Amino acid sequence: MEICKPILEVKDLYVNFYTYAGIVKAIDGVTFTVCEGETFCLVGETGCGKTVTSRAITKLVPEPGRIEKGEIIYHTPYGKINLLELPEDKLREIRGKEIAYIFQDPAAALDPLYTIGYQIAETMVEHKTVPKWKEAFIKAIDVLRSVLMPDPEKRVKAYPHELSGGMKQRSVIGIGLSNQPRIIIADEPTSYLDVTIQAQIMDLLRKLKNEKRLTIILITHNMGLVAEMCDRVAVMYAGNIVELGTVEQVFKNPLHPYTKGLLRAVPNPLTKIERLEAIPGTVPNLIYPPPGCRFHPRCSYTMDICKREKPRLVEIEPGHHVACWLYSR
Amino acid sequence: MSAEEVYEKKLLDHLSDFFLKGIVKIIDSIRPGWSVRNKSKIDEWRLMFYALNRSPTGIVGLILVASFILIGIFGPLVAPYSYNDLLVFKNTHYRFIPPGGRGPGGEIFLLGTDDYGRDMLSLVLYGARTSLVVALLVIILGAPIGIILGLISGYYGGKIDELIMRITDIFLAFPGLILAIAFAATLPDRIRGLLETNPWLQNIMLSLFSLDPADAPRLANLLSVIIAIIIVWWPGYTRIVRGSTLSARENVYVEAAKAMGMGSWGIMIKHIFPNILAPILVILTLDVGSVILLEAGLSYLGIGAQPPIADWGRIVYDGSRWLIRGYWWLSLLPGIFILLTVLGFNLLGDALRDVLDPKARRSIEFKLKKKKR
Amino acid sequence: MAELKRFIVRRLVTFIPTLIGVTLLVFIIANLIPADPARAWAGGEKASPEVIERIREEYHLNDPWYVQYVFLMKKLFTNDIVSPRTHNKIWDDLIFGTSQGVAGAGTKYGRFFITLQLTLFAFLYIVFIGIPLGVLSALKKDSPLDSAVRSLALVGVSTPVFWLGYLLIYIFFVRFRVIELAGFPEPTQRITGIMVIDALLLGENDIAIQIINRLALPAFVLGFIGIGVIARITRNAFLETWNADYIEFGKARGLRKSRLMRHALKNALVPIVTVLGLQFGGLLGGAPITETVFGIPGMGRYMIEAIRNFDYPALIGGVLLFALIYMLANLIVDITYALIDPRVRY
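Chains as they are written, first to last, in the numbering used here: chain F, 1 to 329; chain V, 1 to 373; chain E, 1 to 346.
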């Protein structure tokens with residue numbers, strides 16, 4: 001295994017949502033490190049907090065959410081900074097320039113009233129990577145070409161509604177890449193697309209990663225995609241990371257009962273299983289989360305301590321971490 | 001345990017429970033056993049009241065509307081003077097007494113007097129009656145037109161819908177005020193004839209408006225304003241009812257009723273009307289406000305109530321001549337009553353819109369139950 | 001563009017039946033009057049039978065109603081009919097200007113342009129106060145400002161326009177004499193039809209200032225209802241777009257707040273423009289009262305005078321113009337949609 005040169009460290013992150021029904025403890029002490037040049041995956045069911053975590057990295061938690069505590073250490077070539085302590089205007093300069101996002105639904109992420117050329121140019125002009133609008137429009141064609149948009153000279157003047165779903169997502173990726181970011185955070189970038197288009201977009205991301213030496217944080221619930229794309233993976237459940245390791249480690253030797261269940265619930269791309277099984281129970285209500293380990297009400301190995309104390313993430317083998325009392329006695 | 005006992009209640013909630021029980025008792029006496037069959041409906045109503053009780057705008061609106069209605073009903077009975085008591089002929093010192101000032105006889109005039117020495121307070125009280133009766137008559141006579149045409153238009157669609165909508169287009173293609181002026185100015189002669197041949201109608205109107213029989217000839221103008229407002233009001237109302245009908249028509253239960261062979265009118269009355277009642281009620285409440293405002297505007301322009309009949313819009317107009325002289329209370333004071341009344345209906349309508357939204361009821365239910373726990 | 005042209009032509013054609021409907025409706029209303037209009041026009045009870053008979057001939061009052069209607073519409077089309085009250089041709093009164101007005105003095109501007117100018121002023125208030133207020137209250141959702149804007153909208157639609165007019169006259173004229181209520185200066189030459197623009201084009205700045213002084217308060221009164229309504233619509237539309245995914249993505253790509261607001265506002269513009277179009281009609285409708293309060297010789301007062309004097313040729317001319325403007329405003333709204341939103345097709 002290569003030596004990890006950290007580019008982003010999330011330390012002990014807590015995020016709450018203040019809804020009228022009560023306080024939703026959405027992210028409950030999440031810690032992980034992303035290495036430079038790798039593809040790091042966050043997997044989990046809908047509502048487990050993976051999107052919130054990814055948004056929290058640049059303080060983009062939507063209302064009524066609040067980051068309660070934690071550190072996001074970003075390693076620039078010149079030194080480390082804690083993004084959560086950065087003033088808003090400095091943070092803005094990092095978003096879209098150093099750390100770029102690709103959203104889930106490209107149709108909603110693009111402003112319907114402006115051409116995609118305009119939106120790409122705008123992203124460059126706002127970050128002053130291109131000084132003039134006129135130049136930016138010309139560069140936008142190159143950007144579209146780099147994301148393999150067919151007929152980029154024509155498409156640059158197209159409005160979002162004139163493009164297919166795949167072309168819209170290519171445009172969104174183009175916007176993300178326009179300022180040559182170091183990190184791309186791709187939040188379920190293919191879940192709104194047809195299966196054939198999904199493969200194309202993933203191929204594109206892989207190609208771009210190799211060409212531009214990008215670091216990618218991929219958020220998905222699709223285990224097949226994880227196996228195919230990622231170097232390391234973090235499994236999230238109800239606002240916690242329950243298991244973290246290389247794809248090999250996690251898929252071949254899952255430790256946490258939840259990971260095991262998850263892998264039994266989908267066709268496992270790396271090992272053969274006889275039949276698919278659902279995980280019993282439902283995702284807990286995070287206003288009144290279960291005490292101790294948040295997975296214990298659904299776990300078949302529950303012990304007394306699981307109901308009382310929250311397990312910490314511990315290293316079982318090099319690089320393979322798990323948060324479960326079965327292993328950390 | 002019924003929903004009633006689960007909640008934490010305020011004084012107003014107990015009042016509305018009492019009110020609701022009264023209504024339920026009345027319905028039960030007409031259709032025995034109704035309350036048992038419609039328990040969940042009654043619970044929804046109760047929650048609506050509770051939600052209204054917790055909306056500050058709703059309470060303010062309710063208070064304003066209730067005071068307007070009370071003043072409208074009892075105002076002329078408790079007014080210290082009649083609207084045509086021209087005190088100036090007794091003593092010229094009765095002119096232009098400022099609000100709170102004393103007359104030559106030492107009597108206090110709370111809102112002052114006008115250029116004829118009429119007591120402004122009495123004028124305002126009588127004026128409330130005029131506004132109330134006009135608004136009531138417009139709604140009672142006009143709403144059925146709008147509801148029936150809107151239901152027909154939205155339910156049947158096709159040619160009849162097209163025809164009704166084109167007619168409303170014509171009415172809505174120019175300002176309602178101008179159209180109302182045109183009607184109100186041309187109708188009185190015909191109405192005068194009608195009133196002369198039907199003295200019973202004249203007498204009913206005189207007592208409704210609480211007028212001196214000597215003012216009977218002036219009734220025609222007042223009634224023509226009511227008709228004019230109905231004529232300009234129905235098209236907009238029809239369109240709203242049509243819109244609600246269109247969406248209600250798509251419901252599965254309407255399909256089911258059709259499949260069971262229920263007639264069109266049966267479906268409209270039994271299934272569509274009850275389901276569009278909520279938006280109709282909201283619009284109606286808001287429209288009472290705009291009817292009062294339109295009527296005041298018309299009488300301000302000299303169309304409609306003729307002096308000495310007390311009418312808020314007309315009082316402002318008559319008083320405006322003296323504004324330059326500094327006698328502000330003649331025009332500015334009565335105007336405040338128009339503002340407050342119309343505001344009351346708008347606040348109430350606004351709050352009703354929120355309350356009738358099922359989401360608002362759920363959130364109220366949630367809050368009240370949580371406190372108990 | 002060809003599509004747009006076809007759309008406009010198609011819409012203009014649909015105006016015709018509505019205009020016929022509107023004028024016919026008013027014509028029928030006018031014919032409900034049992035009184036003899038010819039007698040009224042000739043000067044009432046004392047009029048000589050010869051004069052009355054001549055007026056009857058002139059306006060075809062002895063013919064069946066449909067002949068009268070067709071005659072009237074034809075004459076209106078060629079501006080060949082004289083108002084029996086002002087003795088001017090109707091379109092001269094309303095649009096072209098007259099050598100002698102009602103008061104004797106001539107004017108280069110028809111009554112319509114005076115109302116149009118007042119309406120445009122009010123429109124400016126609505127746009128430049130209402131929209132920013134709405135955006136502010138959306139950005140500061142649930143703050144005291146937000147509730148204030150909500151109340152302003154409710155108070156606005158509840159305020160009797162004439163009462164607000166007198167209140168402001170009392171404050172700004174009776175108490176502190178900072179405004180003028182009389183006179184209406186005209187620039188020396190008519191160019192566009194809007195007095196204040198003409199004055200500025202001619203370099204007659206003092207006249208422009210006088211006109212602005214004269215209209216500032218009435219226009220505010222006329223626009224008062226609209227300010228609150230537009231503020232509220234803007235607030236709700238802006239809130240909706242402000243929470244949209246493309247704004248979230250805009251933040252994620254590091255756009256400045258001013259840029260994000262631009263995106264949100266442009267997307268909110270479709271509902272705002274719809275209501276603005278409706279407001280324009282509402283302003284025209286409110287003009288008669290405002291003109292009466294402030295003594296402005298505009299089209300609203302012209303129509304009221306026409307109704308009071310049974311001057312139905314003028315009334316129908318005015319109604320025709322009103323309806324036409326109303327429908328044009330709606331057409332402009334529809335065209336604006338296409339300018340804002342590339343997805344709109346005709």
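Careful, some of the hints might be misleading.
[As the list claims (entries may be wrong)] Computed, partial: chain F to chain E, Cβ under 8 angstroms:
1. N16
2. T19
3. Y20
4. L60
5. K90
6. A100
7. D105
8. A109
9. K128
Calculated from the structure, these hints are not laboratory results.
Values in this document were obtained by computation on a predicted structure and should not be read as measured data.
By construction, the Cβ of each residue, glycine as well, lies at the ideal position given by its N, Cα and C atoms.
Status of each hint after checking the structure:
no.: 1; hint: N16; verdict: violated (19 angstroms)
no.: 2; hint: T19; verdict: violated (14 angstroms)
no.: 3; hint: Y20; verdict: violated (12 angstroms)
no.: 4; hint: L60; verdict: holds (6 angstroms)
no.: 5; hint: K90; verdict: violated (11 angstroms)
no.: 6; hint: A100; verdict: holds (7 angstroms)
no.: 7; hint: D105; verdict: holds (6 angstroms)
no.: 8; hint: A109; verdict: holds (4 angstroms)
no.: 9; hint: K128; verdict: violated (11 angstroms)
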